[in-house]
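Residue numbers (our numbering), protein chains in the order written: chain A, 1 to 135; chain B, 1 to 34.
If you're looking for bench data, these hints aren't it; they were derived computationally from the structure. Treat the hints with care, as some may be off.
[Unchecked claim] Okay, derived cross-link-like pairs now, DSSO-like style, lysine-lysine, Cα gap no bigger than 27 Å in a straight line: (1) K29(B) <-> K70(A); (2) K117(A) <-> K70(A); (3) K29(B) <-> K117(A); (4) K63(A) <-> K7(A); (5) K2(B) <-> K57(A); (6) K2(B) <-> K116(A); (7) K12(A) <-> K29(B); (8) K88(A) <-> K29(B); (9) K104(A) <-> K88(A); (10) K6(A) <-> K29(B); (11) K29(B) <-> K7(A); (12) K117(A) <-> K88(A); (13) K75(A) <-> K29(B); (14) K12(A) <-> K63(A); (15) K130(A) <-> K29(B).
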Amino acid sequence: VRVAVKKIDGVKSVEVSLNHGVADIILQPDNAVSLDRIRQIVLDNGFSPREAEVVVKGHVMQKDSQPVLKVSGLKDVIYPLTEAPEAKGKMVELLKTTSKQTEKVVTIRGLIEQPKKPSMTPRLLVREFKLEGGE
Amino acid sequence: MKRIVVLGLMILLLVPQLVQAEFLRVQLKIYGMD
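Isolated chain A (complex conformation):
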């Protein structure tokens, strides 16, 4: 599985610990690798992918009055956001100043659950985030 994931264009390094059951993947800047693609490759190599701790950069905005993160790539993915207690409500504060016209670029550290169905987009639990470029 390590070799297969490493072959993806945009993957910088992969460490797999079967004892801990974790694949730690570092990606190159400006990559277009999706989490779905990584999950599919893991599955194709005989392992079952579960939840993922991620660091992801994207546009935070309101969609249908819900906070979401848009991750651009080969195909845009919209993750609904939920704030973890350790984020201390700061995401909610940021979203008060966010509208469709004023998207903000943020880097988020958080948890993405394994979707129950392949067609479902899971929620991103925000543990920590950083606003990029001040706006």
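Mind docking chain B on chain A? Use the hints.
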């Protein structure tokens, strides 16, 4: 010629937008399947 220049400028303006969002690190839990 003008169209090509305009198209080139549009691509240059759009590319930074497209690469502004991405996964930087993924720690994926995996389980072996028997």
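Hint check:
no.: 1; hint: K29(B) <-> K70(A); in the structure: 23 Å, holds
no.: 2; hint: K117(A) <-> K70(A); in the structure: 20 Å, holds
no.: 3; hint: K29(B) <-> K117(A); in the structure: 17 Å, holds
no.: 4; hint: K63(A) <-> K7(A); in the structure: 35 Å, violated
no.: 5; hint: K2(B) <-> K57(A); in the structure: 35 Å, violated
no.: 6; hint: K2(B) <-> K116(A); in the structure: 51 Å, violated
no.: 7; hint: K12(A) <-> K29(B); in the structure: 19 Å, holds
no.: 8; hint: K88(A) <-> K29(B); in the structure: 26 Å, holds
no.: 9; hint: K104(A) <-> K88(A); in the structure: 19 Å, holds
no.: 10; hint: K6(A) <-> K29(B); in the structure: 17 Å, holds
no.: 11; hint: K29(B) <-> K7(A); in the structure: 19 Å, holds
no.: 12; hint: K117(A) <-> K88(A); in the structure: 31 Å, violated
no.: 13; hint: K75(A) <-> K29(B); in the structure: 24 Å, holds
no.: 14; hint: K12(A) <-> K63(A); in the structure: 33 Å, violated
no.: 15; hint: K130(A) <-> K29(B); in the structure: 24 Å, holds
Checked against the numbered hints given earlier, this structure breaks hints 4, 5, 6, 12 and 14; the rest are met.
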